[in-house]
Structure formats: structure tokens, C-alpha cells
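Chains A and B, in that order, give the protein sequences. Using my numbering, the first residue of the first sequence is number 31, and each one after it goes up by one. Using my numbering, the first residue of the second sequence is number 194, and each one after it goes up by one.
By construction, these hints were calculated from the structure, which means they are not laboratory data. The beta-carbon is built from N, C-alpha and C at its ideal position, and this holds for glycine as well. Warning: the hint list may mix true and false statements.
Said to hold, decoys possible - In silico DMTMM-like links for lysine to aspartate or glutamate, alpha-carbon gap of 20 Å or less:
# : chain 1 : residue 1 : chain 2 : residue 2
1 : A       : Lys-99    : B       : Glu-446
2 : B       : Lys-445   : A       : Asp-239
3 : B       : Lys-796   : B       : Asp-779
Said to hold, decoys possible - Chain B stretches covered by chain A per the calculated footprint, using a threshold of three residues with CB under 8 Å from any CB of chain A:
# : segment
4 : 368-380
5 : 461-470
6 : 635-645
What the hints assert, rightly or not - Here are the in silico distance ranges between beta carbons for each label pair:
#  : chain 1 : residue 1 : chain 2 : residue 2 : range
7  : A       : Lys-106   : B       : Met-267   : 39 to 47 Å
8  : B       : Leu-297   : A       : Lys-273   : 47 to 55 Å
9  : A       : Gln-225   : B       : Val-531   : 49 to 57 Å
10 : A       : Lys-106   : B       : Val-605   : 40 to 48 Å
11 : A       : Val-131   : B       : Gly-552   : 35 to 43 Å
12 : A       : Val-131   : B       : Asp-666   : 41 to 49 Å
13 : A       : Ser-139   : B       : Ala-443   : 47 to 55 Å
14 : A       : Glu-205   : B       : Met-267   : 28 to 36 Å
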Amino acid sequence: MDSCPPKEHLYRSRREPSPRSATRSVFLCASLLAASAPSTFFSSPARAQQKDSAAPVVVQPGAPGKPSKTLPPSTKATLPPRSPADVEFMQGMIMHHQQAVEMTALIQSHTENKDLRSLGARISSSQSDEIKFMQRWLAARGEPISMAMPGMPDMDRSGRPMALMPGMLTPDQMEALRKADGAEFDRLFLTGMIQHHNGALIMVKDLFDTPGAGQDADLFNFATDADNTQRAEIKIMQLMLEKRPAEEKR
Amino acid sequence: MNRLLSFALRVMGLAIFLTCGLNRAQAQEPSAAAPKQEAAQPEPAKADPSKKEAAEPEANPFAPEPAPALPPGMKGSDTNDPRAKLTPGLYDAGEASMGIKHLLLLKKPDAFQLGATDPDDPKVQKTLGQLGIGDTTKLPKPVHLVIAQLAFANSDFAFQGNHLFQGNFYGVNIYDISNPASTTLLTSMVCPGGQGDVSVYKNLLFMSVEMPNGRLDCGTQGFPPEPPPPAAEEKDKDNQKVKKRRIPAAQKERFRGVRIFDISDIKNPRQVAAVQTCRGSHTHTLVLDPGDKDNVYIYVSGTSFVRQPEELAGCSGEKPDKDPNTALFRIDVIKVPVAAPQDAKIVSSPRVFIDPRTGAMNGLSSGGSLHKGQEKPADTDQCHDITVYSAIGLAAGACSGNGILLDIKDPVHPKRLDAVNDPNYSYWHSASFSNDGTKVVFTDEWGGGLGARCRPNDPNKWGADAIFRLKDDKLTFASYYKLPAAQSDSENCVAHNGSLIPVPGRDIEVQAWYQGGISVVDFTDPAQPFEIAYFDRGPIDPSILVLGGEWSAYWYNGNIYASEIARGLDVLELTPSKFLTQNEIDAAKSVHVADLNVQNQQKIEWPSNLVVAKAYLDQLSRSQALPSNQIASLEKAILSAESSHMSKNKVAKLQHMGPSLEKSAAAAKNPADAARLHALAEILTHPSA
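Just chain A, same shape as in the assembly (with noise of 0.2 Å):
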């Protein structure tokens, strides 16, 4: 500590009152004004300038180039509008998850590949925290966490037969699957899942395709995770693949 100056000396210069602080207590007179004013106000440096004090300040700025506003010190935040997209992107990923975790609930019985149960626990564990996610998600917002009709699991709510998401299984690829085993069976998986997977990427684009869409900031980081975890899982299950054959041969 003796060799060096403690930080208030370093940084006194920043500290000194300068005009600076003439200028700080405009703001707060404009926070002070702005509290009873009806709507936004805007400040303006010329005015008040014989008070200083250490309230702090709510400001808002304009575009580039554009002045600042202050906004009243009782200002709340607001959220962005929310999309029916955003629900229906939900519902069908939670269905989409649902058969990952499905497909990789047959790992345990139906092969030995000591990496590929690894990558299935990786898997399942991650499509059941989203699942659980996606659920929260839905039920705080007061809607259905199923697609389907109520009490019809088969039919979605327009009263048509429940389509798959995109890269879902289709049911003869899940018996195939079902019915595999060894390497039979990791070679199913691993193509299905990479299938299954690459279809949620596709949802995730379909997603913030759509105007108004994945302005909720939950959302968007969970499409946004689920996308880069899912590529990323793609690549790994792409090199088991490659894998595969030369060991085989061996």
C-alpha cells in the first residue's frame, strides 16, 4: 500500500467538482419536474443550474445523433408486445422435445455404446430441463401447455389430426428404432436424432421469421440456447457417425 497511492488520489481529478456537477443537478431537477409532469419530459441543459445532489437519473436516449430525455424517477419498465407465434413455438417444441426424450429412454436397453449412452444422458437431460422450461413458460402466461385439443390428445385445436413438428420421427422411423439394437440401433439414433434435431432448428428460424416473434426476452434466450446447444450436439453425433464404421472394421 505505501507505493501506492490509494485510488481516491488516482482518480481524485474525476472526483473534483468541475462544471460537470453543474450539469448533473439539471438532471435532477429535470427528474424532479418530469416526476409531475403528465408525460415524458425532456430536459433541457439550459435550465436550473444551482442545485447539486447525488439522486440518480433515468435517462433515455434517442437515436443516434439524437438528444437524450430524462424520464421521471417513477418510471417502470415495460415489456415488448407478445406474438401468438411465441405460444405456438412453445407447444409444438415442448411435443418436438418430448420425442427426443422418448428416443433416448431406449439407449439403456437397446445398446452398449458407451459414448452414445453418455451423449443420451447429455440429451435427455437437457430436452426435460427445456421441456420443464417451455412449460413454465406457457403456464405463467396463462396459456395450454398442449397443442392438442382438450381431451382429444390425437386432434390439435383446430379439430385436425395433431401434426408432427418439423424433423420429428415419423412412427415408422420410432418403430424402426424400437425394434433395432447394437449397431443397428446406434446408427438409427444417431441419424434420427440428428434429423430430430436439424427440425428444431428449422422451428427456431420459422420462429424469428415471423413479424412481432421472439421479442420476450425468455424466449428468445431459450430458442437461441436450444439452437446453438442443438448444433453443437449435431456436430458431436455427425463425428460419432463418422466414427462408427472404422471401429467396426477393427
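Chain B: place on chain A using the hints.
Same frame as chain A, but now just chain B:
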């Protein structure tokens, strides 16, 4: 599907019990945008406590989920750690710490949150109304506070002088930290768009924006959603949904990219430029060119979707074989003229994943992988975060599926030197170098930060740090480090942002683990990292995973600052323990920097004084690198030099002790002790006051 429905009913039952059974429900006029309730759902007035017993625990989406069984060969976390079972609470949670003292929590400013901790608060009700939730009796009470909170989440930090800049998905808050223990808020700058990653250089503040609600004018209103789609939907032969490719209305007012503010007046930041990018900016990195003082550079890491060319000309999200100008598989470099920031623009979009032999832009080979043998073009098309270390001309990129090493001597044209991947890694998230540039710590953000990933059965190699040795521009894996303490099912927890603590003679990082708290790790020996200090709180809520916890924990000029997503700003300090002495802490505090942007890593230089010497001496004593009598006589000589105010003959005595230390350095058991002995000899030979 039946299961789902019954589960939905149970949830409602439980929710009704929670809300009506315990509290008088607040009736509220359903807003115009309120979702239509399904006829099959129960009437809210019929609260039935027996429903609670009927509801299976796993049927409630708000019930946290325990981890599945550990995969074979994997280890979980320590359930006996004092951090494993802390009492819950938003502002009154139980705390545990070792080697860290918590000084202050400043709650998030009202302008950046629902502004209340009471679910019945009219402000909360109003926000629920904005969300289109008219009938709040359908929701468990704690959920009222939880909804949409990521929209107001605190994120990363930047520091300059006495100012701390705390990014938020909704803008930036600026604090005065001239007296850390009584930190005060100066300015709340409202400007939504997430995630609000910040950097600061002179009078310029940079901010990342990636979300579709970002507006050029910092407006909070976002953009109107399109009307509900027509009932008829097309399906293909496999009964899969086919969406008609909509042509979205381009929004010229939308902003996704890097904003630049002039902060000459700290209480009135002005936006001076906004550089649009195709994928927005999830994070960014300030890059200084040692040879160019007139410009600074910004590396933009975009991880989100590519927007339509109708909105920003030239943007394409196609695969590289379809469009050589795809916005995937690249980073963007913005050049900012310091004197004319309004002229900032993208000057290059380096293809950092290119295969140098074939020129394929998606050619990141896994040749550097732990699993050798693959040379396949890979899918990594983005970096999540890049840490530049200009002093050694290198950058470490954490790029979704890979960790990469870049040569940045020409900052506009970074070139990849090496790439690694790791079978236990889910998502390469961030990186930091050791001060001497011989190690890189990467992090794996398994689960994206939203999930509980430190539960007793979560493997300690997943969602962990991976420490690599760096030699001759090659990265070699050394070990994993994960928060050792088990966390509850309702705490989001995974490796996240940290910075070096400038303790001389050791590599020490302080790191945030979301609701896992703060962990300080020593990785001087990259093969054997260990924890030396921690601070943790209990979960925000015991029965619901409420997103929160520390986003970043950074050391800045003597204190640790941590950005709490939900709660606010934490200020902490190190305290001595068996793992870290007061002398070592004092030596760390003797390092002062003018500013700190953690991803623009600066070389730490220690003063050549006795404070630092005493830290080395403590370390040599701890590692038994010198006999105890030699330690004692060194200690005595240093103290008497200090108390004599560096009198000539006492200093001369110190100088005499230098040569024998150099000899010991040459014979030291390990490189860390050799470096300490050498550094101590240097100080004693040339001590400054």
C-alpha cells in the same frame, strides 16, 4: 397427450390452491389481450386443497427437477458443502462464504424491474396485465415476480475510474464506486434489446443488442406482432407442419448490433452511433491496436438468427455452399474512429472457421481435438465470446462447438492458429488467459445458464471450466474445474464469467456461477485447480427455479463486483484464509488500472515493492520452497526495512539476500516456485518504496 392434459389440470389445481387457498385472490379485469381460457379448465373459484395431494410432484412444471442418475464413471458435486443447503429468499436468503466478505447489495433500480417484491403489488399486477395475463389467480404467487424477468436481467460489467457500468437486457446502470462499500447509483439508461454487454473506452460506451425488440431510438415498445395465422395449415406427406415462408415486414427502426454512446456527461449519455449487424451482437470485445491510437476495434460475436436482407441489405443465413456471403461462419470487426465515433462501421468479417487448405469457410477441423482423427468440416458457425490479449498478440475464442486461438497482431484480420473441442463440452462460452499467457481457462455454459446444472448428480466435468496449457500457439487440455458445492434443484447454475485476481506468483480467477454464487479458483498448476474462496446465497425460491444469480464476478482495483441477474449489484472483498494471506491480498490491491473491460485482457504489472515481496514470501513458505529459518530471516529483514522507512543499510541488507534466492530459483522443485524466487530476488535487489 392425455398425460399432458391431466397434468395441465393438476397444475391449475395446484395454482389455485396456492393462490386462493392461502391468500385472498385479487380479482382483476381481464385485459383485452387476455388469452381465452379453455372450457375444459376448472373454474378458479372452486379451490380444493385436496388437489394439492392429488398432484404428482413431477406434474407441476414449476417443481424443480432433480438431476438424472450420474452417467457411469462420472462424479457429482459435494452435498456436504455449507453452500448446498442455504435457506431461500430474494433479499433475505441464507449466505455462506469462505475468504470473502460481502459488503453491499444494491437492489436493481425501479426503472429496471417490476419494482416490487410483493406479488400483490399493483405494479406487478400491471405488468402481468401488459403480458396479457388477466386472471392472475391462475398463477402461483411467486410466479408473479418471475414472469419476464429476463427482460430486465442484469448482465455484464465494464469499469472506468470510479464508474461501474452494469449492463442489463433493458439498458445500462452506471454506479459511482469511489467508496465501494457505499456504492451509489448515478444513471439508469433505458435502452432495451438484450443482453446489454458493455465496454468502455475514454468517453465511449459500447453496448451489445441482439433481440428483435431492439430499436434505434431506444424505445421500449418493440414491434407489433403479426395477426394470428389462418386456421388452415399445410402438412407434407409425413404429416409434418409446413410453414408458408412469410416475407416479414422489414423494420427499419429495428436495431441489432453495437450501440455507441458518448458518456462525457455521465448523467446524460447520448447515442452517437449504432452499427447494425446481421446476427446482432450477443457479446462484443473491445480491441486496441498498440500501433494505432486513433481507432479502436470491436469484435462482434453474434449467436442469434440472421435477419432478412429486406431489413439489412446483404444479410444471408444460407449455408456456405449456397451463399458465399452468408452471415454465418464469421465474426464482424467494427472500426471506431475515436474522434469521430459516428463514422464507426464494419471493416471486415473474418472467416475464423475457415479450412486453410481448402478455403472452405465451414472448415474448422477437429484436428486439435482430444479425440484425434477426424478431419471433417464441422458445424461451428459462431463465437459466443472472444477474449483478446493484445500484449501477446493472441485471442481465445469460445465458439459454440470449439475453443479457438487467434493471432490478432493485425486486429482487422485475425487468423486462427489452433482449435480444440471436448467430448464433455456442450457450449464453449468464454475464455481467459493466465497473465503469463501459458494457460487458457474456457467455460462450458451447459444448459445456457437457465438450468440447474450443479445438482448433486450433475457430472463435475459438464458445465465446468476446462483449463488448457498454451505453448507455441497450441492448446493442450489439462483439467476441469467446477464449483465443488452441490446446489439445489431451484438454482440455475453453470460456469460463467470471471476475471483474474492480480495476486503475484499465482494464477487466480474469481468466477460467477449464477445461483451457485462466486468461486475463486487457483489454477497455478493447470492440472490441479482448487477453490480458495467463495460466496453463495440460497435459492431465490425453494420450489420454483427463479432465474437469478451472479452473471459476472470481476476483480477491479481491490474489490470484487458481481452482477446479480435478479437482485442487483454485489460488492465484496477478499479476506485472509489458509489459502490466501493478507500479504497476498495487499499485493493484489496494490495493482491499479484505469479501466477494465475483462474481455480485453491487459497484462498485470506488479510494483517492485515490499508489499509484493511479502506475498511471494508467504507463498514460498506455504509451498516449503525454502527452509523455515531462511523464510524467517527474510521476513525479519523486510519488516525492519519497512519500519526503518527504507533506510540505506536495511535496504542494503535486503540486496545481499538476492543472490542466494536466485540460486534457489535455479534449483526449485517446480516452475511456480522458481518464478516466485526469481521475482522475490528481483524486488529485494531493487526495492522501491
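Hints, one by one, checked against the model:
1. The hinted pair formed by Lys-99 (chain A) and Glu-446 (chain B) meets the criterion: a straight-line CA distance of about 18 Å does not exceed 20 Å.
2. Restraint check for Lys-445 (chain B) and Asp-239 (chain A): satisfied, since their Cα atoms lie roughly 15 Å apart, inside the 20 Å limit.
3. Taking the CA atoms of Lys-796 (chain B) and Asp-779 (chain B), the gap is about 19 Å. The hint holds against a cut of 20 Å.
4. Taking a C-beta to C-beta cut-off of 8 Å, the segment 368-380 of chain B contributes 5 residues in contact with chain A, enough for the three needed, and the coverage statement holds.
5. Counting residues of the segment 461-470 of chain B whose CB lies closer than 8 Å to any CB of chain A gives 7, so the stated coverage by that chain holds, three being the minimum.
6. With 7 residues carrying a beta carbon less than 8 Å from a beta carbon of chain A, the segment 635-645 of chain B meets the three-residue requirement, and the given coverage holds.
7. Between Lys-106 (chain A) and Met-267 (chain B), the C-beta spacing of about 46 Å keeps the proposed range 39 to 47 Å intact.
8. The given range of 47 to 55 Å is respected by Leu-297 (chain B) and Lys-273 (chain A), whose C-beta atoms sit roughly 53 Å from each other.
9. Our hint of 49 to 57 Å for Gln-225 (chain A) and Val-531 (chain B) holds, since their Cβ atoms are close to 50 Å apart.
10. For the pair Lys-106 (chain A) and Val-605 (chain B), the beta carbons lie near 43 Å from each other, so the given range of 40 to 48 Å is met.
11. The hinted window of 35 to 43 Å between Val-131 (chain A) and Gly-552 (chain B) holds, with their beta carbons roughly 41 Å apart.
12. In this structure the supplied range 41 to 49 Å holds for Val-131 (chain A) paired with Asp-666 (chain B), their Cβ-Cβ distance being about 42 Å.
13. A C-beta distance of roughly 51 Å is found between Ser-139 (chain A) and Ala-443 (chain B), which places it inside the suggested range of 47 to 55 Å.
14. Separated by about 32 Å at the C-beta atoms, Glu-205 (chain A) and Met-267 (chain B) satisfy the suggested range of 28 to 36 Å.
Taken one by one, the earlier hints all hold for this structure without exception.
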